[in-house]
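Chemist: Sequence:
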Amino acid sequence: MEETPDPFKGSLIVLLFNFQNMKMVPVPDQAFGNFFEGDCYIVLYVSQDSAPSMDIHYWIGNLSSQDEQGAAAILVTQLDEYLKGSPVQHREVQGAESTKFRSYFKNNLIYKKGGVASGFHHIESNIYNILRLLQVKGRKHVTATEVEVSWNSFNKGDIFLLDMGKVIVQWNGPQSNRSEKLKALLLAHDIRDRERGGRAQIGVVEGNAEEDSPELMKIMRAILGQRSGPLKEALPDDTPDYCQQTANVRLYKSGQLVVQEIATQPLTQDLLDSSDCYIVDQGGSSVFVWKGMHASKEERRSALSRAVGFIKAKNYPSSTNVEVMAEGGESAMFKHLFKSWREKGQTQGLGNLHAHPEQAAQQRMVDDASGQVQIWRIEKLELRELHPSSYGLFYAGDCYLVLYTYMRAKKQQYILYMWQGCHATQDEIAACAYQAVAVDNKYNGEAVQVRVVMGKEPRHFLAIFKGKLIIFEGGTSRSGVTSPEPAVRLFQVRGTNEFNTKATEVPARSSSLNTNDVFLLKTDMFFYMWYGKGCSGDEREMGRVVSDVVSRQEKQVVMEGQEPAEFWVALGGKAPYCSDKRLQNEKPPHNPRLFECSNQTGRFMMTEVEDFAQEDLDQDDVMLLDTWEEVRSNPTRGHIVPANPTRGHILPANTTRGHIVPANPTRGHIVPASDWRSFVNGCTRLMCLDVI
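For the sequence shown, counting from 1, position 4 maps to 4 in this note's numbering; every step adds exactly one.
Errors might be hidden in some of the hints.
Unchecked claim - Label pairs and their in silico Cβ distance ranges:
| id | residue 1 | residue 2 | range |
| --- | --- | --- | --- |
| 1 | SER305 | ASP368 | 53 to 63 Å |
| 2 | GLY572 | LYS466 | 48 to 58 Å |
| 3 | GLN260 | LEU231 | 44 to 54 Å |
In case anyone wonders, no lab produced these hints; they're calculated from the structure.
These figures come from a predicted structure and were not determined experimentally.
Cβ atoms here follow ideal geometry from the backbone N, Cα and C, with glycine treated the same way.
Based on the sequences and whatever the hints tell you, model everything.
Modeler: As structure tokens, then:
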């Protein structure tokens, strides 16, 4: 069968759909982000990054008619069918748009009075016969709403743009912050450049210092008249209670006649049947519709209308967001509501358990880990430098500092790893952090500090030791001498190459074995290399490499199921162990996620920033960048960010040091800041259609 050509292949396109004569009319570039309150719009977003996806948003103006809303829903269904059901459908309502929708309009989102049916049309360039007042709200994603041109529309907390065609006056509310003022100014510049051809003048008035701008106030009074009475108090932004949303997640099966509740949180993926459609209710704030690949055509076509009917039946606000998605095209927010979501095709046969070794550049590491290494151990809360002969031999009861030095652009760069054993005391962990600061100060604060918890070592850290990292039980810090070596020791070896291999000592008993790994059993009399039935040839080879580091004794290879009696005697007798062959779970290609942290409402909340770029990082905010292997924070001006150390690595961001976390978390951990845009700004296209 001949492959269907990509209808959206090419440059960025913005289209306007006219129902009156069924013609596609392009939306003017200068009107992008402008929405009439009396119309409905359709936005098609096509992403061509590492995980290509499509999203269809249909936007409903507050003053749009039921006929327009119905026509928009029909067009969305037809467009979805044309694209073979792959897009995720979103229902957006004016003033309550999803963060993903707002992220498409970085500069502005302007609500305009009227609609095409009322004779209003999108503004053309170089038209100056204009008089309007825009109320600007938002810190990350700006929305501007046309309001009555009167002092009665003003309040203390928002920013207002008085647009008079050739002159735009920005009035900053006394309680507005610096970030909001900057965003509003960018909006004013955008209006000037796109709608006025750069020929309009912009002035700024501070609401708490109007006397400092007498000429601009004279212009405002000429239009608005003399202000009588005090300004209104600031209007709070409507922020949903996220804790309440996640606590009330419910799953419904959408049948032909009834919608039946079948589960509440925590939800599991096995509750979804490919032959049916389901509704997930996120506490009334959002409604998700999941269409199974084997559901009937009628069920799939009516998914969006059933979601709208569900909202009405539940008496939810009309502004409730709706997402409709097909099986296999689930959005990140939908998968987030389920426990342990598994991607299709995530498992592989035993012949392809592990990826082949790759070059350091492909793995997004700073280099091939061939730089200089210096290691200290925390002993009696002080630093004790180790001899190079003991590099890579760590103890679970200790903490270590590993300083890695490499060259970039003919300049030395530093990474300081703080490795914490799982049995180290709190005093030792605290001393490790304190000593890391001292070492960092010796290098003028230029070292990138990385906290590494035992068992969560990043790829670059493992690569430093060339597949010879061995973690022993016991420790040296508390007694000052190395713990006596046990008569029997058992090591679990995991890894397929020198970039990802390590050996960890485990309790010397049969129950510690695992059919999927290589184990090294060392006694005073013999040394066994035990190969589980599920391990690969690469794992066996790395087991041989590690065994030469553990001991110089003659090695005996033992295959699972062919163990000699002495083997089980050394382990205290044969006992059950994990013997189920695994299908290796490769790390899914999760996209990085950026969160803004705030306690302005009296409760600490994290809000996700959709489709983020580097300009979304604000020095007045606390941000968390989650790459699924690492969590990077940028606390500023004394902010404290709570972190869960069991999730991964917490890296304090230092923007002056030129390092960030890569967008592909499965291929490395630290990259130069100059590579940021190539990682997070994928090839994207945006289409906007207006239903009229």
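Chemist: Taking the hints in turn, state whether each one holds.
Modeler: How the hints compare with the structure:
Look at SER305 against ASP368: about 56 Å separates their beta carbons, and that is inside 53 to 63 Å. At roughly 34 Å, the beta-carbon separation of GLY572 and LYS466 lies outside the given 48 to 58 Å, and the hint is violated. A hinted range of 44 to 54 Å for the beta carbons of GLN260 and LEU231 is consistent with their spacing of about 52 Å.
In the structure shown, a violation is registered for the earlier hint numbered 2 alone.
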